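Novice: The residues making up each chain are set out below.
Number of protein chains: 4
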Amino acid sequence: PTAASRKKDHIEMAFASQVVKQELDSRFYYEPLLSAHPEKDSWPAFSFLNKTMKVPLWVSSMTGGTAMANTINHNLARACGEFGMGMGLGSCRSLLYSDENLADFAVRKWIGEDHPLFANLGVAQLEQLLDKNELYRVNDLIDKVEADGLIVHVNPFQEWLQPEGDRFRQPPLDTIRALIDQLPDLSIIVKEVGQGMGRESLRQLFQLPLTAIDFAANGGTNFAKLELLRSDARRKETYAPLALVGHSAEDMVELTNELVAEMGAFLQTRQVIISGGVKDFLDGYYLINKIDLSAVYGQASGFLRHARG
Amino acid sequence: PTAASRKKDHIEMAFASQVVKQELDSRFYYEPLLSAHPEKDSWPAFSFLNKTMKVPLWVSSMTGGTAMANTINHNLARACGEFGMGMGLGSCRSLLYSDENLADFAVRKWIGEDHPLFANLGVAQLEQLLDKNELYRVNDLIDKVEADGLIVHVNPFQEWLQPEGDRFRQPPLDTIRALIDQLPDLSIIVKEVGQGMGRESLRQLFQLPLTAIDFAANGGTNFAKLELLRSDARRKETYAPLALVGHSAEDMVELTNELVAEMGAFLQTRQVIISGGVKDFLDGYYLINKIDLSAVYGQASGFLRHARG
Amino acid sequence: PTAASRKKDHIEMAFASQVVKQELDSRFYYEPLLSAHPEKDSWPAFSFLNKTMKVPLWVSSMTGGTAMANTINHNLARACGEFGMGMGLGSCRSLLYSDENLADFAVRKWIGEDHPLFANLGVAQLEQLLDKNELYRVNDLIDKVEADGLIVHVNPFQEWLQPEGDRFRQPPLDTIRALIDQLPDLSIIVKEVGQGMGRESLRQLFQLPLTAIDFAANGGTNFAKLELLRSDARRKETYAPLALVGHSAEDMVELTNELVAEMGAFLQTRQVIISGGVKDFLDGYYLINKIDLSAVYGQASGFLRHARG
Amino acid sequence: PTAASRKKDHIEMAFASQVVKQELDSRFYYEPLLSAHPEKDSWPAFSFLNKTMKVPLWVSSMTGGTAMANTINHNLARACGEFGMGMGLGSCRSLLYSDENLADFAVRKWIGEDHPLFANLGVAQLEQLLDKNELYRVNDLIDKVEADGLIVHVNPFQEWLQPEGDRFRQPPLDTIRALIDQLPDLSIIVKEVGQGMGRESLRQLFQLPLTAIDFAANGGTNFAKLELLRSDARRKETYAPLALVGHSAEDMVELTNELVAEMGAFLQTRQVIISGGVKDFLDGYYLINKIDLSAVYGQASGFLRHARG
Ligand SMILES: Cc1cc2nc3c(=O)[nH]c(=O)nc-3n(C[C@H](O)[C@H](O)[C@H](O)COP(=O)(O)O)c2cc1C
Ligand SMILES: Cc1cc2nc3c(=O)[nH]c(=O)nc-3n(C[C@H](O)[C@H](O)[C@H](O)COP(=O)(O)O)c2cc1C
Ligand SMILES: Cc1cc2nc3c(=O)[nH]c(=O)nc-3n(C[C@H](O)[C@H](O)[C@H](O)COP(=O)(O)O)c2cc1C
Ligand SMILES: Cc1cc2nc3c(=O)[nH]c(=O)nc-3n(C[C@H](O)[C@H](O)[C@H](O)COP(=O)(O)O)c2cc1C
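Going down the list, the sequences are from chains Z, X, S and U.
In terms of my numbering, the first sequence opens at residue 1 and continues consecutively.
In terms of my numbering, the second sequence opens at residue 310 and continues consecutively.
In terms of my numbering, the third sequence opens at residue 619 and continues consecutively.
In terms of my numbering, the fourth sequence opens at residue 928 and continues consecutively.
Do not rely on the hints blindly, as some may be mistaken.
Unchecked claim - Covered by chain Z, per the in silico footprint, the following chain U stretches (three or more residues, Cβ under 8 Å):
1) 1077-1084
2) 1092-1105
3) 1153-1164
4) 1167-1175
What the hints assert, rightly or not - From chain X, some residues computed to sit far from chain Z (all C-beta separations above 10 Å):
5) N359
6) R387
7) G474
8) D490
9) G573
10) N598
11) D601
12) S610
Please keep in mind that the hints were generated in silico from the structure rather than gathered at the bench.
It should be emphasised that the depicted structure is a prediction, and the values quoted were computed from it without experimental measurement.
Heads up, the beta-carbon is just placed ideally off N, CA and C, and yes, glycines get one too.
Just chain Z, same shape as in the assembly (with noise of 0.2 Å):
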């Protein structure tokens, strides 16, 4: 558009661009006068998950085992490898025990070797495993997707509220635990899937030698509501207001700064991927400026949205 032309347009789209105070967003200082405009590139790559990022972005975890899932993981991946970001593939339990659905995890090609990738077990199959003494099948699964470690998602209300869902025995704390034990070299993340965790469970994950610890915060896609939007109405009904119990990111990185300055040495894991219900690069941004830690920001249901296809 020409000058003269943008110039118009101001006049007449001046109405349309009023903001309402009320709804300012009062989480940041605005400071025109301070800096230049940044240039290109001019970010520099960090060190996260013993990998390297370029920027401070994490693919959450999405199921695979359907067409689609392969589609997205790949989309996902090629994105991951062109920008600098980490990747969580979905839940891999079918890996466990059979290589049929492989391929839809075999993204480390399109990721690179540089920037991390991390498959995913929940804490129930680790149950079984460790019950089993067959803790040798989540060495040949990092194996198999050349993963940089394991996610373990610990959901006990989704999984209560699946028909088919898993009963925890022991406490996940335990098994998380046992496997530390069992697996001292393996590279651990321990994450929920979208409820967040509670003061007590935080505090109890940092004192174990992770490699990270994933909010999966509520807020933004939400599991639980997920399995009743699946269930007759009366479950409906009964069960709603479980969708709401939990912790938003930036609860949890109120109670993780807490627990810093509470834990000192007893604080181990110092690593954090802030998800769960973090809706833009603003939130993001945000969140990772107010932890205590070192962090980056992790979507899912964000990068579902332009991975489909």
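Based on the hints, put chains X, S and U with the ligands in the right spot on chain Z.
Specialist: Just chains X, S and U with the ligands, lined up with the frame of chain Z:
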């Protein structure tokens, strides 16, 4: 559903399963790491109102005397028997002078001997019986319905707004004191009918040797509002604000905790039924954990919804 | 209705009678245990504005001069007589110079000798009468309408926005002081017309030997808004924010209590009519209990609604 | 209208003239007793930006270069002349190199010699002129449009979002400092374009010997939002949150008052144009009374609405 179809569902339903973080329930810490899933029937039975209950859930008094009431009362009593809940009968006024409606209230057989069952009368009836020196009718009533004791409901707003309503000629507290004096062995619960009670009413009641106080708080079914719905437009408009006067169950829990702290040994009543506007099991769970006395939570309309047929 | 039909109604209407706990009225403690129901005519008469009232309720000034006004004034006066309320006449300006409309205002017969009745003039009229040395006309007016005194309304916003409005050439306070000086026996009430008054205006008024101050607060009928409704679109848009400037009855009660605490013996006016946006008897009851002076509550539009025919 | 018809109107319109007390404007004390109505032209003229103004009202910069702009600028300048307001021209970039559009900006004749008129350039243009050592063009521009000085607008978000937007290669503050150094006699105002400025930007600007700071706060017309309206759907969605970053005029008044208290003699700029989202004269009146510096209030879109034809 197969695992593959579930995973496909997940992708499609993820966008429908978003939670708005401003709506999160901030009353609870969600701690996914700390416990195993509970096993069936793992909750211990406990003693309440000198009987036994298996779940901390009370069926609040709902009136008898109609065909529907018979069905409702029997359904509710059967549920109490099966799940180990307690129950208050609706107003048994008609049974004072006639056995015509006795069948509607004769539910001991269904609820079982172990679980608490209480009869119900308005304070105005007791005022009259006291005046006429006919308190023996109360004992007869208790015997007829095989109840463990008597609930006295105190509802000045409803009576005032009901065209054919009773007038209290003396303060309800005096009536209740006289009742205690003259029937010292009677197990008594005092309740409102959905308006709640203020600080001073609670304080006076807690000083008496009652078996329990039932809040019947405002925030759910409200009988002042109900009477106005049955009234003409001018009365409706004039008195509508009265329906909003009163106290929510949560406010009454807070008032009670203040009184517990304040009254020390003067506090004689030590059991509470938290009811009135308790919407769901999370509300109930929250409130019985918050109160500093032995408590169960009660619902009337919440059960009525499912007990009609 | 029979008891059985009532109980049936109860079941059916219970679901329509739910109250939302967030809407509960937190201004009152509801104490069902403490009192008997009141008996008819059990409230004692009390002295106010040197007359007698049976209920603490004032009919605020509404203008005369139209056919409808005659009906309205007579209806209101009859209600005052029957229930023991007081009443302010609407602006009696036209009666200063002619008796043409006298019949509209001649309501002493209906209200009775005992109950307070006040005439009404704008402060601009008094400014003019003072200028022309014609204050005797005020005395004549009082005599004509057999009033107990004069209400002076002070409404600079309304006059400003009214095309044919008066302009105050000196501060209203000076006019009122001159009136007091020159007619020391006149019983005077000062009021706004629905905008309320700020702290300093109240402070100045409370220092004068007035019979009462009538708040005429903002939050109900607002004459700035009314004048704008009669105006063209541009004036409407430009001046609309003015209608929201001012003080609610509750704010003015708080300001008054601060002044009572602060002014001590300097506070000369000790009676208040709390009016302007008082919606119902609960509002009124709340405010007269909250204020630290002798007070009744007043309504204009609330009565108009029922007095028209 | 006659007095009688007005009174009839009053009764009929009383119900339409209700104000909701929750919406009352709590920023002001309304004091009806204390003053007479003001007389026409009773406000004294005052000195601002080294010129004279009769009302504390500024016409904010709006762009030229289109047919409509010519009409708009001339209308606005005439209004400034008639009522004694000041005015900022829209961006005069095109006039740096050609006189083609000069007529659109040549409004000194209409605004008059006494009232302030300022030219306008973006900070990127000044960066370029400084680089090329062509600052004489700024002096030429000021002469051409007979301006009293130059407004520099600093708008990094708008430039970033505008496809053909400028990039600032150095911090705007450095450019402004260089401009002050090299043209010490130039009267300079710095403004944003509807995003406002944070604490540190303000602090730096107040340390410079500017003639004034113009807030151009967020809460009204927002050019980040405007550029997004001209953009494709994906950019719109991605960048929409940026429009809400920034500071309202009231926030900036508070920041300024903090800085005034804090900076003491280091504060060199002592005049402010409070603008950006100022909706009406009450907003403006409130803010210029609240700020601890000499100030007028400015509007852009508010005038545009009425200046188009
Ligand atoms: C389609 C879909 C599938 C998911 N599958 C998994 C999974 O297999 N394992 C897991 O740990 N989390 C899974 N998640 C949860 C996400 O990793 C993430 O924690 C959650 O969606 C919250 O992030 P969001 O609000 O950005 O969507 C899945 C999420 C989506 C939307
Ligand atoms: C249909 C119906 C009938 C009721 N009848 C009685 C009664 O006879 N006696 C009584 O004490 N309360 C009666 N109540 C009041 C309830 O016991 C309870 O206090 C009230 O409904 C508030 O609880 P909720 O919000 O869970 O409905 C009745 C309530 C309902 C809905
Ligand atoms: C129809 C009508 C006419 C009124 N006329 C007068 C009047 O002549 N003099 C006066 O002092 N106030 C007058 N008022 C103002 C009322 O006395 C009162 O201050 C105002 O309406 C606020 O009370 P409300 O919110 O209860 O209506 C009038 C009000 C109404 C509704
Ligand atoms: C049509 C239009 C054109 C504008 N052009 C300019 C401009 O050229 N230079 C500038 O500094 N600001 C410009 N602005 C921004 C205004 O000066 C002002 O800062 C902004 O609109 C916020 O004020 P408002 O909320 O009162 O509209 C323009 C605004 C509008 C509405």
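Novice: Looking at X/S610 again, its CB stays over 10 Å from all of chain Z?
Specialist: 14 Å, holds
Novice: For X/D601, is the shortest beta carbon distance to chain Z beyond 10 Å?
Specialist: 22 Å, holds
Novice: Just checking, X/D490 versus chain Z, shortest CB gap more than 10 Å?
Specialist: 45 Å, holds
Novice: Does the claim that X/R387 lies outside the interface with chain Z hold up, using a Cβ gap greater than 10 Å?
Specialist: 18 Å, holds
Novice: Over 10 Å from every CB of chain Z: does X/G474 meet that, or does the non-interface label fail?
Specialist: Check passes; 35 Å lies beyond 10 Å.
Novice: Beyond 10 Å from every Cβ of chain Z: is that where the Cβ of X/N598 lies?
Specialist: 14 Å, holds
Novice: Taking the closest pair, is the beta carbon of X/N359 still more than 10 Å from chain Z?
Specialist: Holds: least Cβ distance 31 Å, greater than 10 Å.
Novice: Taking a Cβ-Cβ distance under 8 Å as contact, does the region 1077-1084 of chain U have three or more residues in contact with chain Z?
Specialist: Since three or more residues must qualify, the claim that chain Z covers the region 1077-1084 of chain U holds, with 4 doing so at under 8 Å.
Novice: According to a criterion of three or more residues whose C-beta lies within less than 8 Å of a C-beta of chain Z, is the region 1092-1105 of chain U covered?
Specialist: n = 8 at 8 Å, threshold three: holds.
Novice: Checking the smallest CB distance to chain Z, is X/G573 really beyond 10 Å?
Specialist: 33 Å, holds
Novice: Counting residues of the region 1167-1175 of chain U with a beta carbon closer than 8 Å to any beta carbon of chain Z, are there 3 or more?
Specialist: Holds: 8 residues of the region 1167-1175 of chain U have a Cβ under 8 Å from chain Z.
Novice: Mind checking, does the region 1153-1164 of chain U have 3 or more residues with a CB under 8 Å from chain Z?
Specialist: With 3 residues in contact (Cβ-Cβ under 8 Å with chain Z), the coverage given for the region 1153-1164 of chain U holds.
Checked against the numbered hints above, the structure breaks none of them.
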